[in-house]
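A.B. asks: Here is what each chain is made of, one letter per residue.
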Amino acid sequence: MLYFTRWRALGIILTALIVCLCAVPNFFPEAQVKTWPAWAQRRLVLGLDLQGGSYLLLEVDSNYVKKERLDQVRDDVRRTLRDAKIGFTGGVTVRNDAAEVRITKETDVQPALAKLRELSQPLGGLMGSSGQRDLEVTDAGGGVIRLSIPQAAMLDRMRKTIEQSIQIVERRVNELGTVEPVIQRQGNDRILVQVPGLQDPTRLKELLGKTAKMEFRMVDTSVPPDQAQQGRLPPESDLLMSASPPPTPYVVKKQVLVAGGDLTDAQASFDQRTGEPVVSFKFNTSGARKFSQATQENVGLPFAIVLDNKVISAPVIREPITGGQGQISGNFTVQSANDLAILLRAGALPAPLTVVEERTVGPGLGQDSIEKGELAAYVGSILVIIFMLVTYRLFGVFANIAVAINVAMIFGLLSLLNATLTLPGIAGIVLTVGIAVDSNVLIYERIREELRGGRNAISAIDAGFKRALATILDSNITTFIAAAVLFYIGTGPVRGFAVTLGIGIITTVFTAFTLTRLIVAGWVRWKRPQSVPI
Amino acid sequence: MNHTVLIGLGVLIAILTVVAALGLLPSLRIVPDNTHFDFTRFRRISFPISAALSIVAITLFFTHGLNLGIDFKGGTLLEVRAKSGAADIAAMRTTLDGLRLGEVQLQQFGGPENVLIRVAEQPGGDTAQQAAVQKVRTALGDSIEYRRVEVLGPRVAGELLAYGMLGLMLAIVAILIYLWFRFEWQFALGAMIANVHDIVLTIGFMSISQVDFDLTSIAALLTILGYSLNDTVVIYDRIREMLRRYKKMPMPQLLNESINSTLSRSIITHVTVTLALLALLLFGGHAIHSFTAVMMFGVVLVGTYTSIFIAAPILIYLGVGEHREDAPDTATPAKKNKA
Numbered sequence: 001m002l003y004f005t006r007w008r009a010l011g012i013i014l015t016a017l018i019v020c021l022c023a024v025p026n027f028f029p030e031a032q033v034k035t036w037p038a039w040a041q042r043r044l045v046l047g048l049d050l051q052g053g054s055y056l057l058l059e060v061d062s063n064y065v066k067k068e069r070l071d072q073v074r075d076d077v078r079r080t081l082r083d084a085k086i087g088f089t090g091g092v093t094v095r096n097d098a099a100e101v102r103i104t105k106e107t108d109v110q111p112a113l114a115k116l117r118e119l120s121q122p123l124g125g126l127m128g129s130s131g132q133r134d135l136e137v138t139d140a141g142g143g144v145i146r147l148s149i150p151q152a153a154m155l156d157r158m159r160k161t162i163e164q165s166i167q168i169v170e171r172r173v174n175e176l177g178t179v180e181p182v183i184q185r186q187g188n189d190r191i192l193v194q195v196p197g198l199q200d201p202t203r204l205k206e207l208l209g210k211t212a213k214m215e216f217r218m219v220d221t222s223v224p225p226d227q228a229q230q231g232r233l234p235p236e237s238d239l240l241m242s243a244s245p246p247p248t249p250y251v252v253k254k255q256v257l258v259a260g261g262d263l264t265d266a267q268a269s270f271d272q273r274t275g276e277p278v279v280s281f282k283f284n285t286s287g288a289r290k291f292s293q294a295t296q297e298n299v300g301l302p303f304a305i306v307l308d309n310k311v312i313s314a315p316v317i318r319e320p321i322t323g324g325q326g327q328i329s330g331n332f333t334v335q336s337a338n339d340l341a342i343l344l345r346a347g348a349l350p351a352p353l354t355v356v357e358e359r360t361v362g363p364g365l366g367q368d369s370i371e372k373g374e375l376a377a378y379v380g381s382i383l384v385i386i387f388m389l390v391t392y393r394l395f396g397v398f399a400n401i402a403v404a405i406n407v408a409m410i411f412g413l414l415s416l417l418n419a420t421l422t423l424p425g426i427a428g429i430v431l432t433v434g435i436a437v438d439s440n441v442l443i444y445e446r447i448r449e450e451l452r453g454g455r456n457a458i459s460a461i462d463a464g465f466k467r468a469l470a471t472i473l474d475s476n477i478t479t480f481i482a483a484a485v486l487f488y489i490g491t492g493p494v495r496g497f498a499v500t501l502g503i504g505i506i507t508t509v510f511t512a513f514t515l516t517r518l519i520v521a522g523w524v525r526w527k528r529p530q531s532v533p534i
Numbered sequence: 001m002n003h004t005v006l007i008g009l010g011v012l013i014a015i016l017t018v019v020a021a022l023g024l025l026p027s028l029r030i031v032p033d034n035t036h037f038d039f040t041r042f043r044r045i046s047f048p049i050s051a052a053l054s055i056v057a058i059t060l061f062f063t064h065g066l067n068l069g070i071d072f073k074g075g076t077l078l079e080v081r082a083k084s085g086a087a088d089i090a091a092m093r094t095t096l097d098g099l100r101l102g103e104v105q106l107q108q109f110g111g112p113e114n115v116l117i118r119v120a121e122q123p124g125g126d127t128a129q130q131a132a133v134q135k136v137r138t139a140l141g142d143s144i145e146y147r148r149v150e151v152l153g154p155r156v157a158g159e160l161l162a163y164g165m166l167g168l169m170l171a172i173v174a175i176l177i178y179l180w181f182r183f184e185w186q187f188a189l190g191a192m193i194a195n196v197h198d199i200v201l202t203i204g205f206m207s208i209s210q211v212d213f214d215l216t217s218i219a220a221l222l223t224i225l226g227y228s229l230n231d232t233v234v235i236y237d238r239i240r241e242m243l244r245r246y247k248k249m250p251m252p253q254l255l256n257e258s259i260n261s262t263l264s265r266s267i268i269t270h271v272t273v274t275l276a277l278l279a280l281l282l283f284g285g286h287a288i289h290s291f292t293a294v295m296m297f298g299v300v301l302v303g304t305y306t307s308i309f310i311a312a313p314i315l316i317y318l319g320v321g322e323h324r325e326d327a328p329d330t331a332t333p334a335k336k337n338k339a
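Just so you know, the protein sequences line up as chains E and G, in that order.
Each residue of the first sequence is one higher than the one before, counting from 1 in my numbering.
Each residue of the second sequence is one higher than the one before, counting from 1 in my numbering.
For the record, the hints were derived by calculation from the structure and aren't laboratory data.
Backbone N, C-alpha and C define an ideal beta-carbon position, used for all residues, glycine too.
Worth double-checking, as some hints may not be accurate.
Unchecked claim - Over the 12 angstroms line for every Cβ pair with chain G, so calculated as not near, a few chain E residues:
| # | residue |
| --- | --- |
| 1 | E106 |
| 2 | D139 |
| 3 | G187 |
| 4 | N284 |
| 5 | K290 |
| 6 | Q293 |
| 7 | R318 |
| 8 | E319 |
| 9 | Q335 |
| 10 | F487 |
| 11 | F513 |
Said to hold, decoys possible - Below, a list of computed lysine-lysine pairs in the DSSO-like style, where the Cα atoms sit at most 27 angstroms apart:
| # | chain 1 | residue 1 | chain 2 | residue 2 |
| --- | --- | --- | --- | --- |
| 12 | E | K67 | E | K213 |
| 13 | E | K253 | E | K67 |
| 14 | E | K105 | E | K115 |
| 15 | E | K210 | G | K135 |
| 16 | G | K248 | E | K466 |
| 17 | E | K290 | E | K213 |
| 18 | E | K253 | E | K213 |
| 19 | E | K66 | E | K254 |
| 20 | E | K210 | E | K67 |
| 21 | G | K135 | E | K466 |
| 22 | G | K83 | E | K372 |
| 23 | E | K310 | G | K83 |
| 24 | E | K310 | E | K282 |
| 25 | E | K67 | E | K160 |
| 26 | E | K115 | E | K67 |
The task is simple: from the sequences and hints, build the whole structure.
C.D. replies: Written out as C-alpha cells, the structure reads:
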C-alpha cells in the first residue's frame, strides 16, 4: 500500500497537476482568455443566480398545433371532394382529434375513401421507412369518413414546430442585443431561454409572446362592422378587432393577399410627412408580384394589415403599389415600431408560445450571493483546516494539503466541463470539503486502531490505508448515487449543486486513493518512523 | 472587516501548520481510545423513541403540512429592495391589495430595505400568472430594485413536485440496489429503514419550522440521504469485517464493538461537516438559508443518531449473523476477506 513505482508516482502527480491547471483560465479576465487558443478557453460559467439574468421556460401550445393541422385537413377534404365532384352533407366537422365528413350517396363512399387516402403522406425523416403516415383515413360507418392524426404524426409535427420555433426565438432574442443567450429545447413541447444579465424580461416576454403572423387582407365592404357584430357576418369574412385602443371592429375577408412569409426586411423609421414612427417593409419577388396585382385590382378600396388576428391599420389603396415595398403606420411609439420590425424580420412563430416558468435574478442579488458564497466557503474551509490541524497535527497537515489539491481539482474539472457554478453549487463545494476530510479521518482513525492493536508504525499505516480505502469507496458511491439522481431530476441551481457534489466525490476518491497515500508514503520513506504522531 | 478576519485566520493556519509539522502540538483526542458504550442496549429506548418521533412527524405532515414553496405550488415571488432607505411595507401592501390578486404576502427579511412578496397562484393558468406579475411590476414602479422574480405556472409546479418526489424514491431504490449488491440483503433493508426514518424526521422538521419546501429542499433531503448512508455504510463495513473475524461473538456485542471502534471517526467527521454547514448557515446568505438549516438538522442530528442507534441495532432483528457457523464465508462477497 505504501510502495509506489517511480512512474506511478509521477503519473499521479501529473494527473493532479493537469486537472488543477485547468482551473487557471478562471483567474484571468474573460476578454484576455478569449485571445488564448481554443483548448485553453474552458472556464467556469456562473449560473444565472450568481451573475443575474432571466430564465424563461416557454411552452408550445400543442392543442393549437393539432387544431391548425385539423383545420388544414378540413380544407383539404373540402377541396378534394369538390374536385372529385363527390357530394357531402353537413360540411366537414372537426371534433375530438379528427375531421369527419358524411358522404351523401352510399355508392360514393368507396371512391371518396380512395381520394381522401391520397391526402395521407408517409412520415418523412429518418423514420420514413417505418410505414407510418401523417393521416389515418377510416370508414366510420353510415357514410361517415373519419380522418385522424396518428400519435407518431403528431409527435413529428410537434418536433418540427419546436425546431422552427427555436429558430424564430433565437432570431428575436438576438435582436435584443444580449450577450450569449442560451436557447434549448426541453422535453417534447418546451423551449428554455436563458439570457444572462437581463434584468427585466418584460420586453423579451412581449417579443416572444407574439406569434407575429402578418397578413395583408381586403376589408369586406359589403357589410358594415356593426351589422356583422350582430351576426350578419359573411361566411368568407372574419370579424377582427383593431390592435390599438379603442377596440374597433373590422370585417376582413378571409383570403390572404400576401403573408408575412413573403417579407424580406422590415425597419422602424419615421414617416416623412407626419413624423410618426412607422415600419417600412420590403417584399420578396413573389410577394411583390402578388401585392402589386392585388393593389391594381382594388384601387379605391381599403385593405387591412393584420397581425395575430388584430388589425393594425386599414388604409385605402390610392394607387397600385408595384415597387414591392411599403410602410405600415398605426399609432406606433418608437418602441412598438421597433418591436414590430423585429418581429417581422424574425418571422412568425408556427404556434403561440406561453411562458410557463420565469426566474429572474437582478445583478445586485447575484453579486451579493457570490460574496456570501465565497465568504461562507472561506470560513468553512478555514474552520475545517484548523480543526484537522488540531486533531491530527502532522497528519492534519497532510490532510489539508490533500483537501486543498482536491478543491483545486474540483475547480479544474468544473472548468474542463464548462460547468455552471450556482450558489447551491458553492454549498456543494463546501460540503465536499467535509467529505474529503472524512476520507482522511477514516484512514487516520484506522491507523490509530491498528496501532492500538499492536502493529508497528509502518505496518499500521499500511493496514490502515488498505482497510479504510474499501470503506471510502463504498460510502462515497452511495453519496454519488444521490448526486447522480439529483443531477437527473434537477434544473438550474439544484443541478449545479449535484454537479459539484458529484465531481467532489470523484476527486475525493482519487485523492484518497493516490495523493494522500503518496504523501504519507513519501513521509515514511523519508523519516522511517518508529512511531506515528497521529 | 471580512477580509481582515480572513487574513487573520490565514495567518493562524500558517502558524498552526508549521507548529503541527514540527510535532509541537499536543495530541487531541476528542473521543478517548477504546470506548465501550453499550449502544445496542439503547435500542429498547431508541426504537420506541424513533417510532414515536416518526409518528409525530407523519402526523405533523398531515395536519400542518409542508409550507410548499413557489416551485411546487405555483404563483409569483418577488424579492425587492427599496432604492433608498427602508421599504414602506404598509404602502406596498395597500398598493398590491388594490390589484385584487387574491392572497398577497409581504415579508421583511435581512434588513428594513428588503421585502419578499408572494402572490398566490392566479386562476386561469400560465398566462394569468404572467399577467399578475406584470401588474405587480407596474404598480410598484421603479422606486424599488427587483432582485429576484420567480413566476411558476400551476402545471410546471405540479411537474416539479412529481419529479422531485420521483427522484427521492429513485435515489432510495438505487442506493438500496447498490447496498444489496455490495452487502447482504439484511444490510440493504436496514439501511433503507434508517433512510426512510431520516427522511420522515426531516420532513417533520420542515413541517414544524414551516421552511419553504422547494427544489432546494429536495436537494437537501437527497444530500442528507447520501450523508446518512455514508455513515451507515462505514459502520456496516466494520460490522461485516467483524462478522468474518469473530464467528462466535454474540451479535449485540459485535455490533457494539463495531460502533465503538468507528465512533471516533463518526464524531470527528460530524464535527467537520457541522463546521462547514455552520459557515454556510451564518455567512451563506438567505438564499441557501433554509437549505442549510434543513441539512444541519438532517445530517448532524438525525443522520448520526440513525446510523448508531437505528441502522446498526436493527441488524439484530433482521437476523444478521445468526447462521455464521452454518455457512461460513460463502454468503460474503469475494472481495476484501483477507482479514
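A.B. asks: Could you let me know if the closest chain G CB is still more than 12 angstroms away from the CB of Q293 of chain E?
C.D. replies: holds, 40 angstroms
A.B. asks: Decide if the proposed pair is consistent with the structure: K310 of chain E and K282 of chain E, CA atoms, cutoff 27 angstroms inclusive.
C.D. replies: Measuring from Cα to Cα gives roughly 21 angstroms; hence the hint holds.
A.B. asks: Taking 12 angstroms as the cut and beta carbons as the points, is E319 of chain E off the interface with chain G?
C.D. replies: Since the minimum Cβ distance to chain G is about 43 angstroms, E319 of chain E lies beyond 12 angstroms and the statement holds.
A.B. asks: K290 of chain E and K213 of chain E: Cα distance at most 27 angstroms?
C.D. replies: Holds: K290 of chain E and K213 of chain E sit about 18 angstroms apart, inside 27 angstroms.
A.B. asks: Would you say Q335 of chain E is clear of chain G, with no C-beta pair closer than or equal to 12 angstroms?
C.D. replies: holds, 16 angstroms
A.B. asks: Just to be careful, I want the Cα atoms of K67 of chain E and K160 of chain E compared with a cutoff of 27 angstroms; is the pair within it?
C.D. replies: Since the Cα atoms of K67 of chain E and K160 of chain E sit roughly 16 angstroms apart, the hinted pair holds (cutoff 27 angstroms).
A.B. asks: Has the given pair, K135 of chain G with K466 of chain E, been kept, meaning a C-alpha gap of at most 27 angstroms?
C.D. replies: Violated, at roughly 65 angstroms.
A.B. asks: If I take the minimum Cβ distance from D139 of chain E to any residue of chain G, is it greater than 12 angstroms?
C.D. replies: Holds: least Cβ distance 38 angstroms, greater than 12 angstroms.
A.B. asks: Under the criterion that the straight-line Cα-Cα distance not exceed 27 angstroms, is the pair K105 of chain E, K115 of chain E satisfied?
C.D. replies: holds, 15 angstroms
A.B. asks: Going straight from one Cα to the other, do K67 of chain E and K213 of chain E come out at no more than 27 angstroms?
C.D. replies: Status holds; Cα separation ~16 angstroms.
A.B. asks: Is K115 of chain E within 27 angstroms of K67 of chain E, Cα to Cα?
C.D. replies: OK: K115 of chain E and K67 of chain E at ~23 angstroms, within 27 angstroms.
A.B. asks: Can we confirm that no CB of chain G comes within 12 angstroms of the CB of K290 of chain E?
C.D. replies: Consistent with the label, K290 of chain E stays out of reach of chain G, its closest Cβ about 35 angstroms off (over 12 angstroms).
Comparing the model with each numbered hint stated earlier shows that hints 3, 10, 21 and 23 do not hold.
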